[in-house]
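Chains as they are written, first to last, in my numbering: chain F, 1 to 148; chain C, 1001 to 1146.
If you're looking for bench data, these hints aren't it; they were derived computationally from the structure.
By construction, the Cβ of each residue, glycine as well, lies at the ideal position given by its N, Cα and C atoms.
Among these hints, one or two may not hold up.
One-sided and incomplete, this derived list gives chain F residues near chain C with beta-carbon spacing under 8 Å [to be verified]:
#, residue
1, Glu92
2, Arg96
3, Ile108
4, Pro113
5, Asn116
6, Leu143
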Amino acid sequence: MDIEIKTIDKDRQEYIEIGCWRVDERVNEIVRFVKLKQGSVEAYKDEKRYRIPLADILYIEAVDDRCFIYLTDDCFESRKRLYEFESILPAEHYIRISKSVVVNLMKIVQIKPALNGRFLCHLVNGENVIVSRKYVPDLKARLSGDTK
Amino acid sequence: MKDRIKDILGSFFISVTLINVAMLVLGSILMPQQQFGYEVFIYPLIYGVIGIIPAVIVREGRELSVKQMIIRHVIQMLLTVVLLLAFMFGGRTVDRELLIIAASVAVSVMIIYAGVVVISWFLDKKTADRMTEDLIRFQERQNSGL
Chain F
1 MDIEIKTIDK DRQEYIEIGC WRVDERVNEI VRFVKLKQGS VEAYKDEKRY RIPLADILYI
61 EAVDDRCFIY LTDDCFESRK RLYEFESILP AEHYIRISKS VVVNLMKIVQ IKPALNGRFL
121 CHLVNGENVI VSRKYVPDLK ARLSGDTK
Chain C
1001 MKDRIKDILG SFFISVTLIN VAMLVLGSIL MPQQQFGYEV FIYPLIYGVI GIIPAVIVRE
1061 GRELSVKQMI IRHVIQMLLT VVLLLAFMFG GRTVDRELLI IAASVAVSVM IIYAGVVVIS
1121 WFLDKKTADR MTEDLIRFQE RQNSGL
């Protein structure tokens, strides 16, 4: 595989492009590595420890004293508290939408009404998460870019 | 708390408007010859207050799912019907005429209640559509690094 690196203007988002004949395990490995370099969190499933790339997280939900990290088709448990996640996760992409849920704004496909001034975030994997009334103004401000 | 008061006031004013419409329709059909004094203007307000009593009493401690919220609305609607019928017809002798009027009132309340929910839903839908448009722009901004 040839490696080509070029510098781009500072006003553009940095990116990595992979030219390949087909997406195989080798390519997936590179993608996983790049995602991990962008940040990751430790999580558990079946007593095994994993590192979850932040970019893959759809939402994090607190249930009683436990926190669950939801990906497109997987779920992991974390020992961190929800407020700890809020300080770790990149603030521009993640936002608290209820007492128990922090969602990745980049994984929302559509926002729909959910009775009583609440809203539903329809995610890329087809799941819906509820936005409580209390958190609606924050979400509106973040999406419109009005963060004063 | 502020949101709750806003919710309840919103429901009250939408209810009063729809109660006026229901009184006009029901009165024209059931008692077209009936004459009223100025005191009649107070009734939609009283019925509106009765209509929001269940919403004031019933509070949810945790986040309800959409299904649970619908069930809560149905329970509140039934409570409203019972309260209104008790206020309007309590102590009167039950006869055929009273039953017809009571049934009409009950159906009207259900239509009004559904009307309030549907109107609120459409207002929220407008907000949701605007937020979705903002979301798409937000994601484009983030992806282009601006």
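Hints versus structure:
1. A cut of 8 Å between beta carbons decides the hint on F/Glu92: the least distance to chain C is about 7 Å, and the hint holds.
2. Interface hint at F/Arg96: violated, since its Cβ lies 13 Å from the closest Cβ of chain C, which is beyond the 8 Å cut-off.
3. The criterion of a C-beta within 8 Å of any C-beta in chain C is met by F/Ile108, whose closest approach is roughly 6 Å, and the hint holds.
4. For F/Pro113, the interface hint holds, the least distance from its beta-carbon to any beta-carbon of chain C being 3 Å, beneath 8 Å.
5. At a threshold of 8 Å, the smallest CB-CB gap from F/Asn116 to chain C is about 6 Å, leaving the interface hint in force.
6. At a threshold of 8 Å, the smallest CB-CB gap from F/Leu143 to chain C is about 4 Å, leaving the interface hint in force.
In the structure shown, a violation is registered for the earlier hint numbered 2 alone.
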